[in-house]
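Visitor: Protein sequence lines, in the order shown, are assigned to chains A and B. All residue numbers for the first sequence refer to this note's numbering, where the first residue is 3 and numbers rise by one. All residue numbers for the second sequence refer to this note's numbering, where the first residue is 3 and numbers rise by one.
Take the hints with a grain of salt, since some may be wrong.
When chains are identical, the list treats them as one kind, so a pair holds in a single copy or across two.
What the hints assert, rightly or not - Below are the DSS-like pairs computed for lysine-lysine, each with C-alpha atoms no more than 30 Å apart in a straight line:
{"id": "1", "residue 1": "235", "residue 2": "342"}
{"id": "2", "residue 1": "186", "residue 2": "69"}
{"id": "3", "residue 1": "349", "residue 2": "126"}
{"id": "4", "residue 1": "314", "residue 2": "186"}
{"id": "5", "residue 1": "126", "residue 2": "342"}
{"id": "6", "residue 1": "287", "residue 2": "235"}
{"id": "7", "residue 1": "186", "residue 2": "26"}
{"id": "8", "residue 1": "214", "residue 2": "186"}
{"id": "9", "residue 1": "268", "residue 2": "351"}
Everything labelled a hint here was simulated from the structure, so no lab data went into it.
For reference, the chains in residue letters:
Protein chains: 2
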Amino acid sequence: MAQPHVVILGGGFGGLTAARALAKAPVRVTLVDRRNHHLFQPLLYQVATAALNPSDIAYPIRAVLAKQANARVLLADARGIDPVRRVVTLDDGELAYDYLVVATGATHSYFGHDDWSTHAPGLKSIEDALEIRRRVFLAYEAAEREADPAAQAAWLRFVVVGAGPTGVELAGALGEIGLHTLAKDFRTIDPTRVEVLLVEGNPRVLGGFTPKLGTAAEASLGRRHVTVRCNTKVTAVDAGGVEVQLADGRRERIEARTVLWAAGVKASPLAASLGVPLDGAGRVKVEGDLSIPGHPEVFVVGDLAACAFDGKPVPGVCQGAIQGGRHAARMIRADLGSGKRAPFRYKDKGSLATIGRASAVAQIGARSHHGFFAWLLWWVIHIFYLIGFKNRFFVMLSWAWSWLTFQRGARLITGEVGALPAIHGIGADGARALPPAGETISPR
Amino acid sequence: MAQPHVVILGGGFGGLTAARALAKAPVRVTLVDRRNHHLFQPLLYQVATAALNPSDIAYPIRAVLAKQANARVLLADARGIDPVRRVVTLDDGELAYDYLVVATGATHSYFGHDDWSTHAPGLKSIEDALEIRRRVFLAYEAAEREADPAAQAAWLRFVVVGAGPTGVELAGALGEIGLHTLAKDFRTIDPTRVEVLLVEGNPRVLGGFTPKLGTAAEASLGRRHVTVRCNTKVTAVDAGGVEVQLADGRRERIEARTVLWAAGVKASPLAASLGVPLDGAGRVKVEGDLSIPGHPEVFVVGDLAACAFDGKPVPGVCQGAIQGGRHAARMIRADLGSGKRAPFRYKDKGSLATIGRASAVAQIGARSHHGFFAWLLWWVIHIFYLIGFKNRFFVMLSWAWSWLTFQRGARLITGEVGALPAIHGIGADGARALPPAGETISPR
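Construct the entire structure; sequences and hints are all you get.
Guide: So, in structure tokens, the structure goes:
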């Protein structure tokens, strides 16, 4: 008799952990992902801000599972799940399962305004990160060409929406790019005049951390020329900036050519096809053992699962996905052996967010740290979790290099350059410009 | 009186060398490029074959010139030159010059069939390299899904057109990817069954090297499962393969889903706007001092210049561009001081091409080398010329890693995945497939 077939949807932390935890189980594993690589998402903002290369934080899923004889990898897009027939519908066929682990994660939510995504890209994939990198570095090029001071300021103003860990990390890095990385590269603009606005609807930054750490993070952001605007909700986004609503109801427009989105949570649309109750963000309300109601052979883990432990919701972080994936694998092994199902227990190993060079906040149990020690901790933990020795080693070196030199090695603008301001602006800022005579630049 | 304005078009080896050689001259320099980075083109094939990251071989032009007070960088697309009015037309304005150095290079020529470029991408930019990388690694994914043996073979067959250094290097790397890098990653296909065809219209590979080295390169390619087909001209290219004409006039079709182009030379279209005689490939026939006829203030250097030295044409390689850029700068300095113009003298420092792991060919003056020693030489020289310590250091480590482990770190598929074969093919190859029962995969 053939061994049971376990299909895992998603090669992120949850899916990959589940696959590896089944290495010695009497099952056949098929891991389905529409990308060929696992992505170390916590460091994605470092690619977006040119400190790391895509391949430093991404690794082929096939390579991770190459030595696991009972696993195979399928590059495919899962479109739906039929729990009654026990099949997954792919873009071009169907895949039958005995057990299913759904770990397709979540993305940012534009709160019903999906058209904002063109003007304010989010940060979930390598492509997103490269698009943000392209926009950030092109903004400086555009500012260098722009004659009108107000228009130039809009190019040097960066708005980050959402002050969770991703937003704080992005904003901190954007501040440092102007202050250190590009400080000497331009002639007509002064990159240190960069303005970074971190806009948050809630009353404070890093809502998941203690208020004390939030305050420390704000101070650290301030030193990087990041202006934090809490109690400020975004009501419109277009190519020229954002419109916000303040706590007192007043509206205000912020002119900024670069807007980045790091707010909200929207579950993968696959959840809806399971036909079980979802929460407001579209996540699956799972049973205590992470299976779905009525179908003990289907598990949902990671960001796609809405589950609570000890009366608190399990946060949508790597640790939650890793522990969930491991738990699902353990339940499958229990079913096939003589074990019994058990409820999922989440162990909070702490939260970390980095603000920039030698600055981070860390909350581990009741203790909280900020500053250099927290940064060191963040650094060691992230290196440790990166899959594959090569990545670990190269990321360490890249960071050591960035730290020593204030440089960011990967600041390439690839893809389409698109429209920049007409060049008649060059030389307008007399102080930094080269003497204009003899090089007449005239608009056509 | 303002200092003379030197405009340099192109931030490749020629343009960048010219800019740096003018650092201490009494001039103002504007370097114009439509990209923000200088590209170390000789190693571009390593990005295309996933051994290196884009930022390992590309460096922001601004950063290269950040400390040169008399130089500024302009991200712009030069559209034409008016040597009479002494202005460069940009995409959105004009730039006046006193001296002009045109170093915009050349690209591949599809011999009048530009529509082939969709099916057979060339290798000139980072985007090209990433597109080739995407196609190569997607081909393996497609083969893994394909049931029909002939269709599967077409996915595992790679055709490289043109057996100059770029073609030889690409073909060698493609052979090694199947033999070593991916050998263990797939379940239904055997990646070592990969076929690489290197198609060349001339009677032998590496026409610029001695026949002895050509033979050595062919033998080395054979050990990497590369089939060399000389005297074979490509007469048609489509999505499914190429049609070729053999020496005896017979035509033959080669079914291959991945075709890469490394043949021909076509000069940058900017050359035509100078209004001076061009050669067959569209290159500018320059004077002995690299200026253009009738305009001693305009120089053309690098791949865009057609010039001869010692009765032989100066080859379109880095050394030619670097020496040309330096010469143009020297002529400008001579004009402004009391020096005199002098003819350009090309010093051939030798030619190198690498075939793969521990194998290369080198021709230095009358001496020629092949095998491990030539490879070591190639390695040292390429590291040495990479701009910026960081790159040098990281490339060295990346290579050391690849060499020790047979791995290629950057094999990410980014961008659109597109259509792959329907998944009903999975499990067709019984020998390597997991047991098919219980995981019924059916086409819709």
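Visitor: Against each hint, give a clear statement of whether it holds in the structure.
Guide: Here is how each hint holds up against the structure:
no., hint, result
1, 235 x 342, "neither (48 Å within a copy, 68 Å between copies)"
2, 186 x 69, "between (48 Å within a copy, 8 Å between copies)"
3, 349 x 126, "within (25 Å within a copy, 51 Å between copies)"
4, 314 x 186, "neither (48 Å within a copy, 43 Å between copies)"
5, 126 x 342, "neither (37 Å within a copy, 59 Å between copies)"
6, 287 x 235, "within (28 Å within a copy, 62 Å between copies)"
7, 186 x 26, "between (56 Å within a copy, 19 Å between copies)"
8, 214 x 186, "neither (36 Å within a copy, 51 Å between copies)"
9, 268 x 351, "within (24 Å within a copy, 59 Å between copies)"
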